[in-house]
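In full-length UniProt numbering, the protein residues as written are 1 to 459.
Just so you know, the hints here were simulated from the structure itself, not pulled from any lab data.
There is no bait here: all hints are sound.
Straight-line distance between alpha carbons at most 27 Å, and here's what the computed DSSO-like set of lysine-lysine pairs gives:
1) K372 with K447
2) K337 with K372
3) K249 with K302
Between beta-carbon pairs, the in silico distance windows are:
4) S91 with G419: 46 to 56 Å
5) S141 with G213: 22 to 32 Å
6) S122 with K372: 41 to 51 Å
7) E413 with D156: 51 to 61 Å
8) D378 with K120: 50 to 60 Å
9) V339 with W219: 35 to 45 Å
10) D321 with S246: 15 to 25 Å
11) D156 with R114: 15 to 25 Å
12) S382 with D223: 53 to 63 Å
13) L345 with L177: 39 to 49 Å
14) A252 with E414: 49 to 59 Å
15) W219 with G371: 39 to 49 Å
16) K302 with K120: 40 to 50 Å
These numbers were taken from a predicted model, which means no experiment stands behind them.
C-beta atoms are modelled at their ideal positions from N, C-alpha and C, and glycine is treated no differently.
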Amino acid sequence: MAACMSSTSLPTAIRYAATTLDLFIDAIRLRPRTRSSVRGHSTNCNAGHAAPTDGEVPASDLLSRFSGIMKLFPNRRRAFFPEPGAKPLESDPFHYNLLMKAFSRAGRPDEVLRLFREMKESKCDPNVICYTTVMDALVASNRSEEAEKVFEEMIDSGVTPDAASFTVLVKFYSFYLRRFDSACEIIRWMVRSGCDPDVVTYSTLIAGLCRAGMVEEAWCVLDQMLQGNCSPNAHSYAPFLQAYCSQGKIEAAIRLMESMRSIGLCEIGKLSWVLKLVTDMIKKGISPSTETFNIMIRSLCKAGKFRKAKCIFTSKGFVADIITCNILIHEFYMAGKIVELQNLLSGVDMDKIRPDSITYNTIIDCLCKKGKFLEAIDYLRSVEDGFPSEAVAHLAYWLVRGRKIGELLSLFEEMLSQGLVLDGQAFNHLIIAFCKNGSCQSREIYKVCLVLDKMLGVV
DNA sequence: GTAGGGTTAG
Numbered sequence: 001m002a003a004c005m006s007s008t009s010l011p012t013a014i015r016y017a018a019t020t021l022d023l024f025i026d027a028i029r030l031r032p033r034t035r036s037s038v039r040g041h042s043t044n045c046n047a048g049h050a051a052p053t054d055g056e057v058p059a060s061d062l063l064s065r066f067s068g069i070m071k072l073f074p075n076r077r078r079a080f081f082p083e084p085g086a087k088p089l090e091s092d093p094f095h096y097n098l099l100m101k102a103f104s105r106a107g108r109p110d111e112v113l114r115l116f117r118e119m120k121e122s123k124c125d126p127n128v129i130c131y132t133t134v135m136d137a138l139v140a141s142n143r144s145e146e147a148e149k150v151f152e153e154m155i156d157s158g159v160t161p162d163a164a165s166f167t168v169l170v171k172f173y174s175f176y177l178r179r180f181d182s183a184c185e186i187i188r189w190m191v192r193s194g195c196d197p198d199v200v201t202y203s204t205l206i207a208g209l210c211r212a213g214m215v216e217e218a219w220c221v222l223d224q225m226l227q228g229n230c231s232p233n234a235h236s237y238a239p240f241l242q243a244y245c246s247q248g249k250i251e252a253a254i255r256l257m258e259s260m261r262s263i264g265l266c267e268i269g270k271l272s273w274v275l276k277l278v279t280d281m282i283k284k285g286i287s288p289s290t291e292t293f294n295i296m297i298r299s300l301c302k303a304g305k306f307r308k309a310k311c312i313f314t315s316k317g318f319v320a321d322i323i324t325c326n327i328l329i330h331e332f333y334m335a336g337k338i339v340e341l342q343n344l345l346s347g348v349d350m351d352k353i354r355p356d357s358i359t360y361n362t363i364i365d366c367l368c369k370k371g372k373f374l375e376a377i378d379y380l381r382s383v384e385d386g387f388p389s390e391a392v393a394h395l396a397y398w399l400v401r402g403r404k405i406g407e408l409l410s411l412f413e414e415m416l417s418q419g420l421v422l423d424g425q426a427f428n429h430l431i432i433a434f435c436k437n438g439s440c441q442s443r444e445i446y447k448v449c450l451v452l453d454k455m456l457g458v459v
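Take these sequences, add in the hints, and give me the full structure.
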């Protein structure tokens, strides 16, 4: 069984993922571009060769690169995979950046660094966009010193940082370190060096402050922004609304909405949209819609005001929908109010409200967050739809994350015995789960691949 | 020409 694993299972995995997106041929074509990454690893497969151990799997790079790319650039695949006969891709900063970004999204900063080194060694000079990508990848994985080193390196190589590169640093200081003084220092530095912070730079800082509960300070930044002749947009205001709603300050949120409307910034997405509903509702004395109720229930729960949320829920004339149920399930369960939740839901007319995929995922989330993996599996068994693919994929994510590969395999075997098959998208998610978990190169994925092979009748 | 920065996943 161990024989040929490296030539059968993993490529099969790639094949499934590829077939999902009609990319199989392209996936193969991607291989030459990755040869430096697979150098030293033999892809040949000798009969009797032992099962691969961690770190010996050449195709894993391809796999993770592939999944990252698919996720990132669904419409751009021709950029990576030219038509047959087209001239080969060149190693230019543009293509390197696409790959580095793909790895960054897949949570593989070391791969990003490897490509970054590779491009410099091959005399392909990184430009400001490449530097920014690398820095962002490092920041996203909390490797600040390295990001700062890359920043210095950029300057040393004569590449001028722009607003985007600085913003990565601002993001790091605001979101990761909560060192807002340093974040402001970065902005002053930008101004000194002739690179004006733009709306993204400021909005990043504002979002960080709001999230830290420093709403007043965030308003100061907004003032600073206006003084700096930089117009705020909807993204600049959204963090304030978010903060007010999460603090249960609905009136403040509504007031903000009003002032935003006066400056023509109403499109913030559903949050503002619902708040607008609330505003209009109050003005006209109209009974709020279920959607309005839902956002209020959510805000109240988030603010820990479960009793008020319950009042709204049980108030006369209110008809719950599946979204209400999903909100209640999530908020009450995570707050440990399970009996109350059952009471609330027992009053719901379940004939009219059918659970949707979000319901399944929410319940799976709740159980898995508390480490109740087996209960989550049982729950999925009890679902009438018979292992809905999306929910299985979601649970698979948690099982991979929780290192419950044995349970995952049993689940697949069980589905297999019932003649059930995962769809391509579910499979894709599974691959991403392994990659994100850093176990893309482990033996675990091989075992899973074997079951999937059986499931799809490949072997 | 294409590519990078606005924590909303898990």
